[in-house]
Amino acid sequence: MKCQKCDKMATFHITELTDGKPVEMHLCEDHARKYLSESSGDPTPVGGMAAALAQQIAIGQAAEELAQLDQQSCPVCGITFFEFRSQGRLGCPHDYVCFEQQLQPLIVNIHGESEHVGKRPNHSTGDSERRTQLIRLRRELNAAVEEERYERASQLRDQIRRIENEES
Amino acid sequence: MRLDDLTQQSGEWLRGAGPESDIVISSRVRLARNLADFPFISRTTLQDRERIEAILHERVEAIAAENDVLYLDLGKLEQIDRQLLVERHLISREHAEAQGARSVAIDGGEKFSLMINEEDHLRIQVMQSGLDLNSVWEQVSRIDDSIEEKATYAFHERLGYLTACPTNVGTGLRVSVMLHLPALVITRQIDKVFRSLQKISLAVRGLYGEGSQAMGDFYQISNQVTLGLTELDLIRKVSDIVPVIIDYERQARDFLIKESHESLHDRVSRAYGILRTAQTISSEETMHLLSSVRMGVNLGLISDLNIPSINELFIRTQPAHLQKLVGGDLETTDRNIERARYLRRCLNKENGNRGTAEHN
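Chains as they are written, first to last, in our numbering: chain C, 2 to 169; chain S, 27 to 386.
Read the hints as simulated data drawn from the structure, not as lab findings. The beta-carbon is built from N, C-alpha and C at its ideal position, and this holds for glycine as well. Certain hints may be false.
Which stretches of chain C does chain S cover? Using the computed rule of at least three CB atoms under 8 angstroms from a CB of chain S, they are [said to hold, decoys possible]: (1) 85 to 92; (2) 99 to 113; (3) 133 to 139.
Isolated chain C (complex conformation) (with noise of 0.2 angstroms):
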C-alpha cells in the first residue's frame, strides 16, 4: 500500500478515531512522523528550560544592566553570569550563593517554591560550605602553577591539604 501522501511505501496505519468515527490514514514513516508530531505538540524539555529561564530574565534587564550582569563572576569556580546563561549549567555550589539574587526568580518560576523540605544528609552540612573553598583554593593552585610562583602554590598546597584532613 501507497502512503497517502508521497509515492513511498505505507508502514504507519493510523487509526483516527474523531467523532468516534474509525478513520485510517496510511503513511510512510516520514509522513507518519510528520503527522504524529504536528499534533501532539511538544512538551517543555526540561533540560533546556533554565537557560530558556535564564534568556527571559535577559529580557527585563536594560542592555547596560544586563552587560554588567553577565560580566559578574563567581569568587570560587569563575563561571560568570553569561555562561551560565548560554549553557543553563552551573559552575559549582557556590553558584547558588553569589548569585542568589539572580537565581532566586528562575527557581521560583521553575519550581513555584523556593525552600526545600526534603532528606537532609545525616552529617553535619556546615561542612560543606567550607569544603566549597576546597574549589577556589585548587584553581589558584592550579593558576599559581602555571604562572610558576611557586612560593605562593605551596602554600596553597598546604592550606588544602590542612582543610582536607581536617574534614577526614
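Keeping the supplied structure of chain C fixed, place chain S upon it in accordance with the hints.
Chain S alone, transformed into the frame defined by chain C:
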C-alpha cells in the same frame, strides 16, 4: 559479571512482572548528588574528574561489596557498548557521549545503576518492573545514605541538595513511570492526557527521553518540580496520577474492542504478520508493530506469545543490541535485514513453527 552477559538477559525493567504490568513497564527513581569540594562537571578539569571518579568509585565499591556488581569505565568502552547501556536505560545518552573520567556501576539484576560524572557528580538510579515507586525510593535512599556516610555532598540550608542545573535543585529527585499507551494513541486522546499532566507540572517523555515520542507508544511520566515538596510527596504526585492514566488506557482499549473490533484485530494481526515475515525492517517500524502486537497479547487477540518475550524483542532489536547479537558492526541496510531475520526466527519459534523462516 561481564558486559556481554547483559545481552543474554532481558533486564529488570523489561521483566514484564509486578503490579499493572500490562500497561506499566517500569518504575524508576533517580537522585542527583554532587560532592561539596569540587566544581560541577562543566567547570571541572580532567584532573578534577579523575579525582571525583576515584572518590565515588571507592564509596560505591564499599557498599557494593556483597553484590555482584559490574563496574564499567565508560572512557574505555567501545562506542557500541556504551550504546548498548543507553538502550538498556543503564546510562544516559549524555553520559555515553561525554568526555573524561566517567563510569557506571550496575548490579547483576540491572536494578541499580550508579552513574559517576554524568551531568552531576553522582546519579543514583533504581528501576523495577511494574508499578512500585515506594519500594524503589527506599532502595535509592538507602544507597544515598551509605554513600553519604563518608562523602560530603553539596548541600544548602535553604535550597537543599545543589545540582548543576537549577531544575534539579532541592531533592535532586526524578521519579518516573514508563507506560505503554497504544490505545490512547490510536484514539488520539494522548494529547489531552499530556496537556492535563503538564497543568499539574508533570513531564511526559518518550522511551529514550526527549524527542523520542512516537517510539512504540511508550511514555515516561515524571515530576517536573524538585524543590518545596518532600520526596514522598513528589512520589505520591506521580503515583496518584498513574492509575488514572491506566484507567483511560483501559477504557480506550474497551472502546476499540467494542466499536471497531475488526479493525483492531486486523491491525494487530497485520502487525504480527509483518514481523513474522518481513525481509528487511527498520527499528522504528519494528517498535511500532511490536506495540500493536503487545496490545494484542494483552487483549487476548494473540494467544501464542507472552509479554516478557515481546518486551525482550523491543530491546534486542535496537541497533546496538542487534549488532552485539550478530557479533559485528553493521550498516543500516544490513542491520534492517538482520533485524528482520532475528524477528522471524524468534516469532516463528514462539509460534511452534520452527523452520518456516529458513524457507525464505
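Results for each hint:
no.: 1; hint: 85 to 92; in the structure: holds (count 5)
no.: 2; hint: 99 to 113; in the structure: holds (count 6)
no.: 3; hint: 133 to 139; in the structure: holds (count 4)
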